[in-house]
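Chains A and B are the protein sequences, given in the same order.
Reminder that position 130 of the first sequence reads as 129 in numbering that gives the first Met the number 0, one-by-one numbering, no gaps.
Reminder that position 107 of the second sequence reads as 106 in numbering that gives the first Met the number 0, one-by-one numbering, no gaps.
Among the hints, erroneous ones may be present.
[To be verified] The calculated lysine to any residue pairs, modelled on SDA-like cross-linking and capped at a C-alpha distance of 25 angstroms, are: (1) A:50 <-> A:121; (2) B:210 <-> A:144; (3) A:25 <-> A:5; (4) A:50 <-> A:98; (5) A:90 <-> B:184; (6) A:50 <-> A:117; (7) A:90 <-> B:187; (8) A:90 <-> B:210; (9) A:90 <-> B:174; (10) A:144 <-> B:110; (11) B:210 <-> A:98; (12) A:90 <-> B:110; (13) B:210 <-> A:12.
[Said to hold, decoys possible] Between beta-carbon pairs, the in silico distance windows are: (14) B:21 <-> A:84: 29 to 37 angstroms; (15) A:216 <-> B:210: 40 to 48 angstroms; (16) A:124 <-> B:166: 41 to 49 angstroms; (17) B:120 <-> A:184: 56 to 64 angstroms; (18) A:6 <-> B:211: 24 to 32 angstroms.
[Claimed, not checked] One-sided and incomplete, this derived list gives chain A residues near chain B with beta-carbon spacing under 8 angstroms: (19) 59; (20) 65; (21) 70; (22) 74.
Derived by calculation from the structure, the hints in this document are not laboratory data.
Ideal Cβ positions, reconstructed from N, Cα and C, are used throughout, including at glycine.
Chain by chain, the residues run as shown.
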Amino acid sequence: MGYTFQFGTVLGYWPQFLEGAWLTVKLSAFAMTFGLAVGILCALARSYGPKPLAWAAAVYVEFIRNTPFLIQLYFVFFALPNAGIRLDPTKAALLAMTINLGAYSTEIVRAGLESIPAGQIEAGRALGLNRLQIIRFIVLLPAIKAVYPALTSQFILVLLGSSIVSAIAAEELTAFANTLNMQTFRSFEIYAIVTLIYIALAFGFRAVFAGVHAVLFPQRAG
Amino acid sequence: MLRDFGLNEVWFLVLAARWTLALSAVAFVGGGVVGLLLAVARISPWRWLRVAVSGWIQVVQATPMLMLLLLFYFGINMFGVRIDAWTAAAVAFTIGTSAYLADIWRGCIQAVPQGQWEAAKALALNFRLTLALIVIPQAVRMALPPTVGYMVQVVKGTSLAALIGFTELAKAGAQMNTITFEPVRVFGTVSLLYFAMCFPLSMLARRLERKLHVGSLRVQAL
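Next comes chain A alone, as it looks inside the complex:
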């Protein structure tokens, strides 16, 4: 073998690794927020919207879920400029991630909506709640509570999938690793370190989701 590990050389770039990781965290967090918003809207459209709207949402979901994220990313980055929409790599990445997560979270939230018995909505109406109050307190919150585990594991997949946006040279963690690899050729050290950073990020996000769960859906005593 005769291979000497040189983690020292690579670790000299620690600040840049952190910078890349921070961009990965930001990208993922924004994609999760926007993706969930898209998912909630499309799920409401699919479950309660008029036929054409429900149908459009269904087509969107099926098409995105049955094509790879990489191709969706290429499409956003290379094809949108044809329509006059020119995005820098990071914005293109965020848009592609949002579109992708939007489809998955539509399906997840919809499963939650379907778990709400119709009687609950009627009861809300009987109590004189208005439409928005019913959607917020009776439909959405319990629905999201029901599918929270599925939603957060999808969020983790968004974090991991964000590495794919390095394909269009956004400047997140994996893209930085690729650049550094070409400069130093310490491939094993670089990708090993980056893998460990991703694992740490994934566990970190999981801990945050557990915390959010505790705040949003407090366990009532008794």
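With chain A fixed as given, assemble chain B onto it according to the hints.
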């Protein structure tokens, strides 16, 4: 424009899809065999083995698939072991796929009622025989829909091999895009080809779920 995007170019992409199918088959078979071993290890009578395997699965599920590919393709080459894109992709996809399949299948094995294990014990069957004759045949029924559903993720996931230079459908699309400058048509065609491979699997998974009357064990991936 160096070249028009015509029927020949579409045919080129169709031929490239063969490699996507070949990679998918390797990933699914490799991931299936290793995944079954992991799933069984996860419920074995030995605590240390269960803990070790469960930790391994969690770590792999916190690692981006792309990192596994880069680690094996660039990382292993550093040690003077020549590894081509095929081998690197096969190993990386096997590791990634097996972690997710193991989780799905463990859930199915554990969903077989405890009484079946006890009855087998009463009949003096050992762990191996109980698993092979009693538990797995019942678990397969439950495992079928989520497994077929996960195959969609496997097919889509193979697109990442493009990023280590393996010429399958996604890479062929990217190449075609650089010589035709027709991103809408090129990536539109590529998307449709992926859709044609994935959508039937998605439909089959849904039909099996309904037919076998099993609760949906949600399969997720980017």
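Hint check for residue 211 of chain B and residue 6 of chain A - Cβ pair distance inside 24 to 32 angstroms:
Check failed, 50 angstroms falls outside 24 to 32 angstroms.
Against the 25 angstroms threshold, does the CA-CA distance of residue 90 of chain A and residue 184 of chain B hold or violate the hint?
holds (22 angstroms)
Run the distance test for residue 25 of chain A versus residue 5 of chain A: straight-line Cα separation, threshold 25 angstroms.
The given pair, whose Cα atoms are some 30 angstroms apart, is violated under the 25 angstroms limit.
Would the hint linking residue 144 of chain A and residue 110 of chain B be met if the CA-CA limit is 25 angstroms?
holds (23 angstroms)
Residue 50 of chain A paired with residue 98 of chain A [C-alpha distance capped at 25 angstroms]
holds (22 angstroms)
Given the hinted pair residue 90 of chain A and residue 187 of chain B, is their Cα-Cα distance within 25 angstroms?
holds (21 angstroms)
Pairwise beta carbon distance, residue 21 of chain B to residue 84 of chain A, judged against the given window 29 to 37 angstroms
Since residue 21 of chain B and residue 84 of chain A have Cβ atoms about 36 angstroms apart, the given range 29 to 37 angstroms holds.
25 angstroms Cα cutoff - pair residue 210 of chain B, residue 98 of chain A
Distance of about 31 angstroms is beyond 25 angstroms: violated.
For the range 56 to 64 angstroms, tell me whether the beta carbons of residue 120 of chain B and residue 184 of chain A fit it or not.
Given about 57 angstroms between the Cβ atoms, the range holds.
So, residue 74 of chain A near chain B? Judge it on the closest CB pair being under 8 angstroms.
holds (5 angstroms)
For the pair we were handed, residue 90 of chain A and residue 110 of chain B, check the Cα-Cα distance against 25 angstroms.
violated (44 angstroms)
Double-check residue 70 of chain A for me: the hint is only fine if its C-beta lies closer than 8 angstroms to a C-beta in chain B.
holds (5 angstroms)
Hint compliance for this structure: hints 2, 3, 8, 11, 12, 13, 15, 16, 18 and 19 are broken, all remaining hints hold.
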